[in-house]
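K.L.:
Generate coordinates for the entire structure from the input sequences, incorporating the hints supplied.
Line by line, the protein sequences give chains A and B.
Residue 1 is where the first sequence starts when you use this note's numbering, and the numbers rise one by one after that.
Residue 1 is where the second sequence starts when you use this note's numbering, and the numbers rise one by one after that.
Derived from the structure by calculation, the hints contain no laboratory data.
Where hints are given, some of them may not hold.
One copy or any two copies: either way a pair holds, since identical chains are not told apart in the list.
Computed list of lysine to aspartate or glutamate pairs in EDC-like fashion (alpha-carbon distance at most 20 Å, straight line) [what the hints assert, rightly or not]: (1) K76 - E160; (2) K15 - E71; (3) K21 - E378; (4) K15 - E378; (5) K76 - D283; (6) K15 - D88.
2 protein chains.
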Amino acid sequence: MTFALRPDLPPPSAKWTGLSKHHFVGGNNDAGAVPVAELVAAATRALEREGHTLANYFMHSGPQGHRGLREFLVAKLARDAGIVCTVDELLITSGSLHGLDLVNAAFVAPGDTVIVERSTYGGSITRLQRLGARIVGVDVDADGLSAQGLSDALDALQREGVRPKFIYTIPTVHNPTATVMSAARRAEILALAHRHAVPIFEDDCYADLTWSGTRPPALYALDGGENVVHIGSFSKTVAPALRVGWIVARWPLMGHLLSLKVDGGSGALEQMTLAQWCPRHFDAHAVQLRAVLEAKSRTMFDALQAQFGDTIRIAPPIGGIFQWVEVADGIDTTRLAQAALQAGVAINPGAEWMTDPEQGRRHFRVCFAQPDHDNLREGVARLAEVCHRTFGVPARAPLAHR
Amino acid sequence: MTFALRPDLPPPSAKWTGLSKHHFVGGNNDAGAVPVAELVAAATRALEREGHTLANYFMHSGPQGHRGLREFLVAKLARDAGIVCTVDELLITSGSLHGLDLVNAAFVAPGDTVIVERSTYGGSITRLQRLGARIVGVDVDADGLSAQGLSDALDALQREGVRPKFIYTIPTVHNPTATVMSAARRAEILALAHRHAVPIFEDDCYADLTWSGTRPPALYALDGGENVVHIGSFSKTVAPALRVGWIVARWPLMGHLLSLKVDGGSGALEQMTLAQWCPRHFDAHAVQLRAVLEAKSRTMFDALQAQFGDTIRIAPPIGGIFQWVEVADGIDTTRLAQAALQAGVAINPGAEWMTDPEQGRRHFRVCFAQPDHDNLREGVARLAEVCHRTFGVPARAPLAHR
Chain A
1 MTFALRPDLP PPSAKWTGLS KHHFVGGNND AGAVPVAELV AAATRALERE GHTLANYFMH
61 SGPQGHRGLR EFLVAKLARD AGIVCTVDEL LITSGSLHGL DLVNAAFVAP GDTVIVERST
121 YGGSITRLQR LGARIVGVDV DADGLSAQGL SDALDALQRE GVRPKFIYTI PTVHNPTATV
181 MSAARRAEIL ALAHRHAVPI FEDDCYADLT WSGTRPPALY ALDGGENVVH IGSFSKTVAP
241 ALRVGWIVAR WPLMGHLLSL KVDGGSGALE QMTLAQWCPR HFDAHAVQLR AVLEAKSRTM
301 FDALQAQFGD TIRIAPPIGG IFQWVEVADG IDTTRLAQAA LQAGVAINPG AEWMTDPEQG
361 RRHFRVCFAQ PDHDNLREGV ARLAEVCHRT FGVPARAPLA HR
Chain B
1 MTFALRPDLP PPSAKWTGLS KHHFVGGNND AGAVPVAELV AAATRALERE GHTLANYFMH
61 SGPQGHRGLR EFLVAKLARD AGIVCTVDEL LITSGSLHGL DLVNAAFVAP GDTVIVERST
121 YGGSITRLQR LGARIVGVDV DADGLSAQGL SDALDALQRE GVRPKFIYTI PTVHNPTATV
181 MSAARRAEIL ALAHRHAVPI FEDDCYADLT WSGTRPPALY ALDGGENVVH IGSFSKTVAP
241 ALRVGWIVAR WPLMGHLLSL KVDGGSGALE QMTLAQWCPR HFDAHAVQLR AVLEAKSRTM
301 FDALQAQFGD TIRIAPPIGG IFQWVEVADG IDTTRLAQAA LQAGVAINPG AEWMTDPEQG
361 RRHFRVCFAQ PDHDNLREGV ARLAEVCHRT FGVPARAPLA HR
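P.N.:
Here you go:
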């Protein structure tokens, strides 16, 4: 029998066929950096202490998530991001994607308008599209979301009589450009948002990964949470497969987010293990991980420079796990990504990472965190080869000389 | 600033204030039955073997979930439920609530009609209501969903020109009545569904908890999955807080469900731990747990009989974690639940567990799995006391004589 599914579903997924040989897509991380032995010890101790609480949907912590983990986050966010919040203002989610879904669900109805960075996380674009939102993109420069661009967009919408539901931004290690919004820019953005009575949705999931180990105060911190909802994640700093993130929001917004979280709680074993592991190990682990990622970032950057030369324009990331690449005229990154995939190199075409897919065809994104250094170098060489074959650039030396 | 939230949100949640002294709501389980030591060993071994795969969103298993866990489930479902499926037809979800959400999202658009058991899981009712579905309830008798009732409902809808999107049923240890649909009834229901070209959505999350340890073949098994989508869960058999469930569906339906699962995977630590624990321990654990639950069920049943007498009508459950209670005329269980909560006894009022809330006011549901035997007895006595104070029944002996 043929099922009568909703007529407006996204295209069905195909069966999974494994990772590409050079897997530069998604946000996977360095396998060697997973603190396995420490996690064994933490899981053991957590289970021995509170394993019996697994019999309860919310352990003994209520629907906002493991209390010990929230206590760690309250202290960590205060120290690192300047955020002042209580455990009641923290909601543990199943990764920050779940945070995206909850905040979007609270704000966005079909036809609503949202402002985002013109290049932004592809999953945020597709989520907002699925909700029927009108998406307005604003430029990003070296200091982050453009204040002039935001001001212009807000003014234009005001002339239309449209009040956007929120300004979604990834200010600290922006995905995909890896820029960090300056403190001055943060103040400008907050002032604009306040003047137009538009809240800010701050996605801070890469914020622990600046090479320097420091970051400006979160937008939530600068504003006291009055006009900002904030999400974060352990995916980039501990392990993506753990699926543990969080939302910081004040009441009554938190009450609305909670009423939409009808999942019976987020995974408890992960929460109790992290609650055990984090206080003792998070900081030292983050220092090590940043060093691993910075080294891989340099390898990726150097390989791209060496292989592509002036066929591309790139800036060295100052944190994170991604390199954003602008390509020369004549290269279509959607076609490049398709051809590269056939050759075993998976990249994220820019059309999926920009609000204007045509602009996106001039960019692509590569994640350097998972592959090892040799794999990065070989994959970039292979990508350049595919690009040369498909578009005639970059120039390639004869094989024997390479 | 006041956030401009969606106007159609459910009421916001209040801050959590802890469990009631006699906590008979929800689906929590016996804390002593959580196999803590075995889970420590399993988590340790799983992390040591494959902890490094946590660096990848989907471990090395792809978006359908941990391959070893799916392999266990393929074998288990074949043996226990008669289901023939492959690992490609299994999707690990974050609890069966997540399965509900994915299947609902694939089928139900606002205005669509669905058929459910007249008394059913409250979370399913609220989910379908949130999606804007029209919900048609069909009676449940001692053999499960009434075939005559289903036939009448399908005929009536056909006369209206309405084809329901699915028939949602909990056939094996029905929530809340704890009935198990007979094999003969299953055949009748499948034939009716087939004749009307309406798929069946089978929620099997309590199916491992019949006191006998046996169960009829799943509807999915009897139909070969042609017209059935099936969900299940480890919540009731291992621990609700783990949040691990599954969907069984054939392709191309599975491809549509996968395309809606944009969560970056379900919790990996739980999946790899269960994949390690299940093959060796699941069966013995289920035997022990069923004995614990059957004993508590008897305590709850006896206490209700003793305290309420002919003020209520109950049948002894033959599995599961719930007792469904019908009350005499003159008792409104919505008011009873409110008064009882003040006295430290939390029960689920039937209005939340039936498609017709007015009918629901004649019923309530109690979960007997979490409290110990003394707590069950005391809580039922207190509930009877509250009922007597509020509605004049049941008759109470003077305190000194009790």
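K.L.:
Give a verdict on every hint.
P.N.:
Hint check results:
When the C-alpha separation of K76 and E160 is checked against a cutoff of 20 Å, the pair qualifies neither within a copy, at 42 Å, nor between copies, at 59 Å. When the C-alpha separation of K15 and E71 is checked against a cutoff of 20 Å, the pair qualifies only between copies, where the shortest distance is 17 Å, while the shortest distance within a copy is 41 Å. In the homo-oligomer, the alpha carbons of K21 and E378 lie at most 20 Å apart inside one protomer (10 Å), although the nearest pairing across protomers, at 63 Å, exceeds that limit. For the identical chains of this complex, K15 and E378 are neighbours neither inside a copy (27 Å) nor across copies (54 Å), given an alpha-carbon limit of 20 Å.
Proximity of K76 and D283 under a CA criterion of 20 Å is satisfied intra-copy only: 10 Å inside one chain copy versus 42 Å between copies. In this assembly of identical chains, the alpha carbons of K15 and D88 lie at most 20 Å apart only when taken from different copies (8 Å versus 41 Å within one copy).
Checked against the numbered hints given earlier, this structure breaks hints 1 and 4; the rest are met.
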